[in-house]
Amino acid sequence: MLLRHTTKEVKVREGLTINPAKTCQPVGALYAALGIHGCLPHSHGSQGCCAYHRSMLTRHYKEPVMAATSSFTEGASVFGGQANLLASIDTIFSVYDPDIIAVHSTCLSETIGDDLQQITKKAADDGKIPEGKHVIYASTPSFVGSHVTGYANMVVGMAEQFAESTGEKKEQVNLIAGWMEPSDMREIKKLSKELGAKIVLFPDTSDVLDAPQTGKHEFYPKGGVTIPELKSTGDSLSSIALGCISAEPAAVALDKKCGVPFETVDMPIGISATDRFIMALSKAASVSVPDEITSERGRLLDAMTDMDQYFYGKKVALFGDPDQVIPLTEFLLDLGMLPLHIVSGTPGKRFEKRMAEILERSPGANFKNGLGADTFLLHQWMKNEPVDLLIGNSYGKYIARDENIPFIRFGFPIVDRIGHSYFPSVGYSGGLRLVEKILGVFMDRQDREAPEEKFELVM
Amino acid sequence: MYMESKTQFPDPSQVREELIEKYPAKVAKKRNKSIIINDPETVPEVQANVRTVPGIITQRGCSYAGCKGVVLGPTRDVVNITHGPIGCGFYSWLTRRNQTRPETDADANFIPYCFSTDMQEENIVFGGEKKLKVAIQEAYDLFHPKAIAIFSTCPVGLIGDDVHAASREMKEKFGDCNVFGFSCEGYRGVSQSAGHHIANNGIFKHMVGRNNEIKEGKFKLNLLGEYNIGGDAFEIERIFDKCGITINSSFSGNSTVSQLENAHMADLNAIMCHRSINYMGDMLETKYGIPWMKINFIGAESSAKSLRKIAEYFGDAELKARVEEVIKEEMPKVKEVIDEILPRTSGKTAMLFVGGSRAHHYQDLFSELGMTTVAAGYEFAHRDDYEGREVLPNIKVDADSKNIEELKIVADPELYKPRKTEAELEELKAKGLEINTYEGMMKQMMKKSLVVDDISHYESEKLIEIYKPDIFCAGVKEKYVVQKMGVPLKQLHSYDYGGPYTGFEGAVNFYRDIDRMVNNPVWKLIKAPWQKTADSEKESLSASYVTQ
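Those protein sequence lines, which keep their order, are chains F and Z.
For the first sequence, position 81 matches number 81 in this note's numbering, and the numbering has no gaps at all.
For this note's numbering, add 1000 to where a residue sits in the second sequence, where the first one is 1.
Please note that the accuracy of each hint is not assured.
Heads up, simulated SDA-like pairs for lysine to any residue below, C-alpha to C-alpha not over 25 Å straight-line [as the list claims (entries may be wrong)]: (1) F:K170 x F:S238; (2) F:K8 x Z:P1112; (3) Z:K1030 x F:D126; (4) Z:K1532 x F:K8; (5) Z:K1146 x Z:F1126; (6) F:K128 x Z:D1176; (7) Z:K1030 x F:A87; (8) Z:K1348 x F:K128; (9) F:K397 x Z:Q1099; (10) F:K368 x Z:D1176.
Keep in mind that the hints were calculated from the coordinates and are not lab data.
The structure presented is a predicted model; accordingly, all values stated were derived computationally and were not measured.
Using the sequences provided together with the hints, build the complete structure.
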């Protein structure tokens, strides 16, 4: 057994987290910043943070993940990191010539109290930011929230530091992407186009973290939301935040700064959440839903009804990030499955409330988020009440192997399979992909384990 | 003997100019000292183990990564608790491929686990020691491990949590569990290297010498600086078993607490990764009288050479004969593969920018493949890894290095027992054995090859543009950047999830992997057929405009 020390008996832990279902803020900020065109993310802290974040994102995407670091030493930790950040800005603009540097803090720079706003202002005053270039920042202390919080904070930074209101409204809707894959962002844009809605999606990592092999490394790939687009978000008719934890804070910031009204919907994973997204966008952009989208929905529903016997009543354990876990749990319920054990390391009252609402349909389900909600606990729950399927990031494979249950990779990080950056999980086609994946693992297991006389050709 | 090549390469001094011309003046001046044109005979000085230029995009990580991730991570029965916010523990969870093989299903193995105190804002403001002690107690109650190690992340040192006092207190309280801490905050030193040193000190202080068991075996050595990535240590163990050589303790691939505690009972320290573990070699020498010897099991010829060196050290005729037999048994399989592959790899070029020893070791494998290393450098090494340990007295200790504790070690009044007399050591040295020393990388590299320490992303891209190497070796952060340029990248930290690469079987694995990478037809598909046509049509179109 790989996780041979995981006991069935659950004991309350107050100090020790074991096998976390979250990581720290800066990696989320780094990921979000890659969704701006021409942006070099910058980690203001020790070198290790940046190395770890780049490595994890690289393993997840199998793509270049460029970012710089302030390379703190003991001296900087004692005297403050201002000199390191100013030197970084100078070096980065000279050598890598980005349009924007997006600085995020770390637990180190937060603990010593470095003020990113003040330092970036000093950089501007000292003439270290070339004409037409930008430095934005987000405070992302690792000891608050999770990687999802860091993502949200950097997206807030984009809205607060770029959005402008000219007084003239633009016929466009802001779509604020929660933490989703480049493939998902591409799908959101595709759906919006089909709807005929004019949108600005931010951040947008499609064509950044799914860049083609051309034999030439584009340091700044063609994707990403542009600065003029970000500026224009202040003039948009309204915003739709795709996710109450990772996207809504930026919508709130835009409303505060430029008076852009917003609506928050769940990330469109599964049929019901996608329905709500389509309804919200068609209303916001004053467009009607074309037959094409209705057909797409119908195809997903068709697969769900055709294959319902394989889903109905199956118990599922799942771990991940709030904006995915909320609609995914709902989708599992729509499929007739029983989400039984759910953890997420990300804290938040909104999250708890939404899950409580959704899980009314799954009596007896265990749910925990925030401190102490780790996959050690999830695994213990599974030992007490076994499930038919586990869904989570790559770390789940250790549990799935030990418990001999089917496993679907979903969330961040996925470091042992590809696909998540190419094929979406959002929208109706994303739903269809999830349906196919779940069926695939169930049926492969049945084919592998059925006695010879019960081996079925047609399923 | 250094490598030679008949291929014509660009003028290295011009290359160096190109690498630094875009930098701000101060940065250019600094980087110039870390970009060196090699001369294996005179061995010029390389600036190494100095601060990275902020913002330059470095490969380097931090002290915590070197301490917890590299040195302590591979020992399976220690509960390693990261004291800090969640990230550091999360990123160092299972990502280094340290294979381990517990002897029974009941044996402890915590490698698939991540333990963290998951510090929250209130712990930063009011201190985290209390939470740390609760976490240690919970780990003890849940698992009853032999040892619990605490690793400090950046905020811990800044807020003044005393992980050592907390560890001592809990150790005394438990009585049957060794608890010790490491002040390996990420900002210490200038790279992972500081963390290696801190880890060496901690293991030496808190573990070595606690287990006086005398293990069976006539020729007992400690394998130092071999972390069993991709099963490297397993292959070395297989070969040692055949030869009748016993691994007393492994630092730290596939190791256990009791092994590390027993290290003082071996008769030789065989060092693979000089950078990460040389401190341990020196300390075991001084305190217990066990000499250390640099060995290299990367490459079939190097493995054979290392085996002969070990046999020569023990000076036993039977062992020497057995080693020759094993080499004779193993080599034909290797030769069969290299004979097939060599015509396809010969004459190709490689660049290696990785680690603190790997950029040296792997040059042997490329040389066996008939490939030339045109440029190489380390991520976190010191001058002695480049130029050889004879430069140690001349290395200036700067402020960053001063912060890393140097343990004052003296001979143990009871356990110090020189394994070899001075005269025996001199005799071994005369036979060409590197005892308690290491000659470094540069003496093996060809004249006018480039040596670049702590290479930046910008410099890597430039070097690839200029030299167009057939393969580039580095880590995961560099992997897909370089491959987007159409050049295959071999990861030498994770081996691209392959390996082992040590010993004879490892050499064969490496030959096959490199053959696949430098000859893979997929690289020829980069241009779509219409792109090729479009380019040629464009040319013919513009030509026709001229004629009109």
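Quick rundown of the hints versus the structure:
no.	hint	in the structure
1	F:K170 x F:S238	holds (10 Å)
2	F:K8 x Z:P1112	holds (17 Å)
3	Z:K1030 x F:D126	holds (23 Å)
4	Z:K1532 x F:K8	violated (62 Å)
5	Z:K1146 x Z:F1126	violated (31 Å)
6	F:K128 x Z:D1176	violated (58 Å)
7	Z:K1030 x F:A87	holds (14 Å)
8	Z:K1348 x F:K128	violated (44 Å)
9	F:K397 x Z:Q1099	holds (17 Å)
10	F:K368 x Z:D1176	violated (34 Å)
The earlier numbered hints that this structure contradicts are 4, 5, 6, 8, 10.
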